[in-house]
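Asks: With these hints in hand, go ahead and build the complete structure from the sequences.
Chains E and X, in that order, give the protein sequences.
If you use the working numbering, the first sequence corresponds to residues 1 to 1102, in order.
If you use the working numbering, the second sequence corresponds to residues 1 to 302, in order.
Just to be clear, a hint being listed does not mean it is correct.
Stated by the list, open to error - From chain E, some residues computed to sit far from chain X (all C-beta separations above 10 Å): (1) Asp11; (2) Asn111; (3) Asp147; (4) Ala541; (5) Arg577; (6) Gln648.
Stated by the list, open to error - Below are the BS3-like pairs computed for lysine-lysine, each with C-alpha atoms no more than 30 Å apart in a straight line: (7) X:Lys196 x E:Lys1054; (8) X:Lys196 x E:Lys1052; (9) E:Lys103 x E:Lys15; (10) E:Lys1054 x X:Lys147; (11) X:Lys54 x E:Lys1052; (12) E:Lys522 x X:Lys167; (13) E:Lys1006 x X:Lys54; (14) X:Lys196 x E:Lys1006; (15) E:Lys1052 x X:Lys147.
Stated by the list, open to error - Just so you have them, the derived chain E footprint on chain X, three or more residues with Cβ under 8 Å: (16) 104-114; (17) 205-213; (18) 237-245.
I should point out that these hints are in silico values taken from the structure, not numbers from a laboratory.
Backbone N, C-alpha and C define an ideal beta-carbon position, used for all residues, glycine too.
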Amino acid sequence: MTNPATGNLLDELAKLPPAVAEAYQAVADAMAESFSDEETALWAREGVAIGTQTVRSWESAVEYYRVSPEVARSLAFASFMQWARCGTYLSQDSPTLAVAFFKASPSIVTNLRPQYIPRWAGLGRSLYKGTWKSSTLAARFFEVSPDLVRNLPFWDVEVFASLIEALSYKSYDVAAECLVLGRDVLPAMGREREAFLSMSRALTDSSWREVKACLEMAPRALQHVEEGQTGRFLRLGEKLAKMGLRDTSRFLYDGAQALSHVSAGSQGHILDLCEGLLASTPDAVPPFLKSLDPVLNRITLQQLDQWYQHGVELLNENPESGIAFFKIESNTSESMLETLSSSLDLERVKGIMRLYTRALSGENIEVLSTAELVRRQIGWVDQDTAATDGTKVYLPPVIDNYNDKAQNFAWFKVVATHQVSHLEFGSFQFDFVRPANVFDDRRFQMEEAIQARIEAIRTATAEHFQLLDSDAAPSIEVGEGPGGTMRVYTDIGRFLSLFEDRRMVFDLFSVLEDCRLDYRIKTEYPGIRRAALDVQGDALAQRPRIEELPLQEALIELLVHMSLDRFEGLPVPQDYREEAYMLARIMHRLRTVRASIEDTGEAALRAYEIISRLQNEQEPEDEFQPEDLDDPGEFSEEEYQALLDKLQAQMSEQEGEQGEGDPYESPEPVEYRGDFKPEMVQLLTKLQMDQSEMGDAEPMTQEELEQLLQDSAELELDAQEGDVDQSMAMFAQNIMKEAGVPPPSNDPGRGYGPILHDDDAGGELEALEPKTFVYDEWDFRANDYKPRWCIVKEKILDEGDPNFYNDSLRNYASLLAHIKRQFELIMPETWRKTYRLIDGEDIDLNSALEAWADLRMNVPPDEKIYWRRNRVERDVAVVFLLDMSASTAEAIDEGRHSVDDRDAPDDPVEYMVWLRRRREGLVRRHYKRIIDLERESCALLINALESIGDTYGIYGFSGYGRENVEFYVIKDIEEQFNDKIKRRIDKVTPLHATRMGSAIRHAVTKLENQDAATKIMFLISDGRPQDRGYSREGVEKEYAVHDTHQALLEAKRKEIVPFCLTVDKAGHDYLKTMCGDLNYEVLDDIWALPERLPMLYRSLTM
Amino acid sequence: MVEANIEMLEDEPSFKEFAIEEFLVRSEPYYRAVGDELELFEAAYEQHIPVLLKGPTGCGKTRFVEYMAWKLGRPITSVRNEGQDMREGEVRVPLVTIACHEDLTASDLVGRYLLDANGTRWIDGPMTRAVKAGAILYLDEVVEARKDTTVLIHPLTDHRRILPVEKTGNIIEADDRFLLCISYNPHYQSALKDLKHSTRQRFISIEFDYPPVDVEAEIVAKESGCDEDQAHALARLGEKIRNLREHGLAEGASTRLLIYAGRLMQQGIPARRACQVAIVWTLSDEAELQRSIEEVVYSIFE
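Replies: What follows is the structure in structure tokens.
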């Protein structure tokens, strides 16, 4: 106390209330330890400064001294003084503030960097507005500060403080409550805090009361939202708030509620939609979110897009009705939901429809969406009508004709049955020369007559030009009139070309054929009669009125009506009563199970002969009288001829008297019957057949095909779309492609001529290098082996990443467990004797003696006196051959549509769906190639095989040319399973061609050396064998197929069981040849490979 | 209660018990020949050539053998009094049918020693009995039996027609009327259960398949008693379902199942339901496949 400065200080302290001095005294010694004398003095003086600011600031000073030692422990002197000065300023404004500041300080300074201290003090200060309430708020801020600072980055504390300040302008009470709420809620919010704060900030301007509600709501609401999406969700709220949305807390609640009902991964998509709405009409967002939950209960997420899109369109027209739509307060919205929820996607019933059509037709039919058919551009253009091209049935992708799912499905079924009936009842089997069943055959006479006429013209022309050599008569003229021989590539074409108006006869042919089929369906499939009648009834309702059509069309429409099972009260023009009745009789004659496609032809011929002789003129409406045509009487050829003669006579009379009448127009199509194109189907089939036969006939050239297409009545080309010739050429090319005709070669010298066996030259090969082997090859034409023809090079596959193997096992975990269980059931049991059986191989001596003794004792003996060995020991060696040809690089079917960004759809809704899928990584999975599935299956198989201990080897094969058949070792049959093998699987990649025969022979060699009771060679391929000089796609397939067949037979002869599994859907045709009566399987669904392969192996060895 | 018991006792159970080699097919079983299988079998029987019947399940193989046993032994069935001794010149052809399974061993077929009060006693197995009695021995699904049974089949099926009984040290020459007949379903895909060529080539093979629609309709009508339309619809259903073989169905709907469905319908079960329980659910457990077959059923039946 000798220090004068100290004495001075004490004097000054004495002026203040004694509590100050006491506080000083209590800590002075402790402070002296932390700071130098000089510093201590400055510290003490600052206290006095604080205490002397205002009347009540001595309280602050007390607090200052009290906390000083603690604070000093964390701060260097300079920072300490800075802190102290902050307190001084605060006490200047309000001692209460300063007290709170000092009180909070000890726990703050340990968490806050010193340079932030003034800013922190500033935050508190900013809340103080000179009023009592504001000072309480500011003090409250300091109170909660330690928690805030400890849990939040300082930046967020600042933002929060400014939010509180903004609120304080509205209400101190609310601000204070929010302050406390914030302390509790904000820390848990994590990364989304920033978004939440800026949303709240936006709220203070418009509806500050909501801030508190949001804070209260937030923790509960946000837990439903996916972590990655919370930020977007809150930003959405912010934008809405900025745009003046009142009840944001409601939005938060409803939104979170709605999102919680959406599966994880799709929330992003919903937010996409919200953002889309926000851009146009923010007001629609809350109703949309609010409705989302009930809406999603009724329709799927995919369908939601449609509903949404419709709502957006409405919004653009009229915001009010748009909002009503999203609130589901409009009829449009309700009925759309109704429709959507009852609509049926083809995708969902495709599997069932496929099996159904296969069952009905007995053909290997594929069911595809009509969109696919249109995409191929081979003449079918309408996306909404079903069709068939003979091997595939195309159905519309979505059906929403009815407000009931079951009804929509029934529609699908009726349509599919109708399409299949084309196959089942032979619509495409039209044979020009096969006699009809229920009609006389007039078409032969007709053709003869026409030919005679042409001949006459030809001779006349020849004479006219005085050409001596009749062979040189210009054959082009043949194409002019009907019946030209050049055009009759197909039977149906031959028939149709008999008529002048090809379109009309084709329309008649279609109507009559559909009538025949619908009749057949109703008799053969009584079960769908009712549904078919419903569909027909609906179709009838959409037909044009007969009275309004010109005569020819009216009569054809009459036929259409009758074909739809409507016979009563049909309007018939009274002047043409006889004709109408004759048409009805013709049609009725087809309504029997005996009628064939040729009968349809004959019926069409007759109908044409009648209708074409009439003028296509509008009859006055009162001419039409309703008539019942359900029983028009029996058709008779004589009466028909009489009518024809009469018409002919009339025609000759009228000649030159009247105009031509209206040009003929085809009837409106009947939607459910789809596109019927028999000529196109026959054409495709024929092209394909010619192709595979390498027939004697010259293959059709593109020019010929174009000509043919031009003549066809089935092809309706929209001339506006562009140059007709050009699109015709494109069609022709597409059709050729469809039929598997190779595109014309650019080398004019060669043309189509196949370059076969270009390495035929050169003879036997030598295997010189190590690990190479030479094998014979079977030449089916020579019916003998080509000796030493192929060199197989055995290579060990490179090693890659073992994770592929592990990942595969993980991805298929549930399947793996299932397979494992199945395999464990066939676990080999050792040769172990089981005793005490009632039946067995021999008597077990011990039990027998016991029983014997029992008998002697007159006690009933135990019957169980036999022993038996358990089961045969499992002794299987197997070699798996994996196809590593280039074609296995093909992406699997479903991926065809969306592979990369270039494929991104234009339509915004579709784009969003696409984007979402992509985000979910689905698109990536769609990338999967055939080989990937082969590899995965391989991994699963290894796992299974290891569990039962069969001897196995896995090899891949590919190659290029006969000197270079590559045979890759993935796991050699002698090799133990190890990490190297895992790594090799990763390196299984698509390489070159597939020369199967030699690969099989080498695999057989491997197996031959094995000493096992059962030997199996398992071939997994994705298509037919092909290689240079082995086969070429579309040119010569037999050589390769036969060699492979031979190789498989060799295996069989060596007591090896070969099995072929192919994932080529077209596999049935050549596998029959390739495998003969050996086992094979065509896997329709490639995705099933990982599951099917081990199971197949299991059943093969059970 | 007591009365009821007495009544029950009066209602004696009616079953007949035969020794295995004495079982005769006494009344004509219904069999509708599709091809020349009757003539073939008769010829083989006369010539002592064993017969292999190939074909999917439920297509009539067993019925065919039954029918042949009846037909070949026909004279006896005309005898009213079954208990009587054989008349002169009559031929009895008993039918011994053994359903093979994977635990069926050679000793199950040939016979074994059993213990009795005085020691052990030899009991002839069904094969031995059939050989002695001159029966048609029908081994159903022969591939299911264990491999050692083939040892027995071989000497019986060539010119020797003998059955060596290893345990007793005897050799039995087969009765003149004895014929071995086996059945085999080639649709099994098991490498371990294929019939060996050395075995196969001791038989002539008669292939069976499901009959054509019209014939099958006739069979279904006859066997189930349902009317012609229903029988025809069932036959068509069978045809359609068989189209699904190799598309997920291991085996098509057998004629037997069609008959079952027909019988249920005959009992007043609605057609769709009858097909569902008799055919759809029997054929597959897989939901999609079931649904597809059901749709076919719904199309054909109202």
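Asks: Provide an ascending list of the numbers of those earlier hints which the structure does not satisfy.
Replies: Numbers 12, 13 and 17 - these are the hints that the structure violates, sorted from lowest upward.
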